[in-house]
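Novice: The lines below spell out each chain.
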Amino acid sequence: MPTAIRTSRKRNGRMARLAEVLPGPAMILPAVVALGIFQFLPLVVAVVNSFRSFNPFNQSPTGWVGLANYDEIFSDPGFQLAFVNTIAYIVIMLAATIPLALFLAVLLDQRLPGSTFARGAIVAALAASEAVSALIWNQLYDPRGGMFNAILAAVGLPEQPFLIGDTQSLLSIAAMSVWKDVGLPMLIFLAGLQAIPRELYEAAALDGAGPWRTFRNVTLPLLRPSLVVALFMMTITATRIFTPILILTQGGPNGATSNLAYYSYRLNFEFMAPGAASASVVCMLLVIVVITIAQTWLARGPKGV
Amino acid sequence: MATVEIDKVSKAYGAVEIMRGVSARIENGQFTILVGPSGCGKSTLLRMIAGLETITDGEIRIDGEVVNDVAPKDRDIAMVFQNYALYPHMNVADNMAFSLKMRDVPRPEIDRRVREVAGILDLSGLLDRYPRQLSGGQRQRVAMGRAIVRDPQVFLFDEPLSNLDAKLRVHMRAEIKELHQRMKATVVYVTHDQIEAMTMADKIIVMQDGRVEQAGAPLELYDQPRNTFVAGFIGSPAMNFLEGEIDLGSGRFVSGGGLRLPLPPVSSEWDGARAIYGVRPEHFRIDEENGLEAETVVVEPTGSETLVMARLGDHEVACLFRSRIAARAGQTIRISPVAELTHLFDARTTARISVNSSEIRDKHL
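Those protein sequence lines, which keep their order, are chains A and B. Heads up: the first sequence at position 132 corresponds to 132 in this note's numbering, and the numbers run straight through without jumps. Heads up: the second sequence at position 40 corresponds to 345 in this note's numbering, and the numbers run straight through without jumps.
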């Protein structure tokens with residue numbers, strides 16, 4: 001009898017433990033499944049496909065080819081250019097958006113008259129459709145009737161071939177992306193700024209720090225977590241620039257504006273080469289991973305923060 | 306070291322006036338405490354001295370120099386904030402060194418001063434720690450160290466002890482007072498805690514609704530409160546107030562409920578006037594022969610003294626006895642106030658009208 005009681009109690013205990021442990025995983029299961037199907041599965045498929053060959057007519061896999069897809073794209077000057085351009089987009093976008101976003105955030109944080117409107121306008125650019133924005137900028141960049149050349153002409157400067165010049169075109173696409181995406185890091189910085197206690201600024205003022213030294217010694221170090229997030233988000237955004245390229249230049253002139261995202265797209269949908277396209281996508285992923293790891297390491301804080 | 310003069314200072318946000326014509330003088334080397342209920346303007350006044358709030362009208366002078374338009378960093382003032390405002394990304398040594406760095410003091414001099422002050426405040430072992438690795442009391446000391454290391458003209462403290470637990474608060478109170486005696490610094494200290502004010506201050510400035518109600522030494526405020534507000538605010542437990550009339554003929558105060566209480570000295574012009582009778586709990590004594598009958602409601606013995614809440618006619622009064630009282634709740638005791646230590650206030654203006662002098666008090670000690 002006592003044994004029976006003990007086992008039943010034991011079983012009850014086990015059941016109770018299960019009842020305690022199960023609901024957690026059960027509740028996150030739908031999210032895990034959705035993420036698995038829509039996020040991780042395509043990623044895994046891309047990596048797997050980068051080692052396969054495909055029938056160019058019906059896109060069905062025809063066998064394993066090892067690193068042949070990688071060999072193929074590495075020897076393609078188009079890939080090399082797209083790779084260099086991807087890095088160029090990242091460098092230009094980070095160099096332009098991060099300081100600009102920080103400047104705008106500090107300005108908006110002063111709560112000057114009109115800052116609500118300004119914030120709304122900046123976020124509106126972020127919320128606007130990429131395709132629509134690209135079409136608007138296409139008009140602005142138009143060599144004949146475009147506003148930018150009209151402005152240049154009005155002030156007596158030479159007109160520019162914004163979207164067809166070898167050097168100008170990449171910068172033109174980057175400029176549009178800066179305009180469109182600067183709101184995201186700005187919002188991150190604004191949230192970070194508003195989380196800094198006011199007394200720290202008052203303490204710094206009494207400690208004898210002027211505006212620049214306060215920014216340098218108090219604001220900037222305390223924005224470090226926001227900076228890491230902003231760098232991370234902007235690196236991904238810059239790597240994935242696609243719609244403006246497709247709409248404004250189609251990668252031209254001569255691949256001058258093509259990046260890995262656009263190059264992969266063309267391999268898959270124009271040249272019907274899913275294997276090589278997957279290899280190119282994997283390269284793009286590696287770029288993001290390497291750069292973000294480097295950023296995290298460079299922006300690491302002292303142990304106190 | 307410096308003198309701070311506050312001369313008819315006003316502050317308004319648009320049409321809302323939160324401080325009107327406040328004047329006060331903080332002597333060189335004096336420990337002055339601004340005290341009052343929340344929203345009385347004490348913190349605002351402190352922040353005006355620091356330069357963190359603008360002054361709408363009037364003048365603030367430090368050592369005779371008008372500082373209304375002088376930037377905080379040029380006032381040579383250090384402040385200890387309520388939540389310490391330590392820089393979270395700097396360790397203790399860097400927090401303390403920051404102001405010296407901003408003033409371009411040479412590195413060896415900075416190190417020497419930081420080490421010296423850390424020694425005074427018992428922080429020597431914590432110099433490499435970050436604020437989040439410190440306890441509340443340690444953070445408090447770092448905040449003080451950051452102020453002391455600069456050797457400023459004036460120290461400002463904004464409710465520095467309110468985030469500490471009761472025991473630590475008593476300890477830090479003594480520590481700050483000792484530090485002040487050692488450094489002979491001019492200190493302006495804000496608190497809403499009248500016990501903190503009484504125990505630490507050389508001079509207390511009691512504020513209410515953006516006005517100074519009374520300024521003076523702690524015992525002066527206790528013995529000679531200018532009005533019912535100061536009388537009720539200073540002293541714990543708080544003074545009992547009874548409304549009624551002065552009857553000089555019988556030498557009694559007749560309360561609304563018909564109680565007849567002995568009068569303190571008051572000039573004859575007040576005969577028959579409506580007044581408020583104030584008696585501190587500790588100025589009641591047991592008086593078996595002539596005392597008034599009072600029914601005890603609550604008896605709180607603390608060992609050293611006994612706090613009794615008692616019903617006296619229609620009024621409930623607090624009495625504090627230095628002796629142990631045998632009475633239990635519901636029993637009747639006979640008590641009478643010490644006439645010379647009671648106060649009379651004008652019922653209309655709440656200003657004190659009775660004449661109290663410290664000689665009278667001394668006689669009864």
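Misleading hints may appear alongside valid ones.
Claimed, not checked - Quick list of in silico lysine to aspartate or glutamate cross-link-like pairs, EDC-like style, CA-CA up to 20 Å:
id, chain 1, residue 1, chain 2, residue 2
1, B, K489, B, D552
2, B, K406, A, D166
3, B, K406, B, E370
4, B, K378, A, E20
5, B, K378, A, D166
6, B, K472, B, E483
7, B, K378, B, D498
8, B, K508, B, E332
9, B, K472, B, D456
It is worth saying that the hints were derived from the structure and are not from the lab.
Novice: Next step is simple, just say for each hint if it's right about the structure.
Specialist: Status of each hint after checking the structure:
| no. | hint | verdict |
| --- | --- | --- |
| 1 | B:K489 x B:D552 | violated, 50 Å |
| 2 | B:K406 x A:D166 | violated, 50 Å |
| 3 | B:K406 x B:E370 | violated, 26 Å |
| 4 | B:K378 x A:E20 | violated, 58 Å |
| 5 | B:K378 x A:D166 | violated, 53 Å |
| 6 | B:K472 x B:E483 | holds, 17 Å |
| 7 | B:K378 x B:D498 | violated, 29 Å |
| 8 | B:K508 x B:E332 | holds, 9 Å |
| 9 | B:K472 x B:D456 | violated, 29 Å |
Of the numbered hints listed earlier, those contradicted by the structure are 1, 2, 3, 4, 5, 7 and 9.
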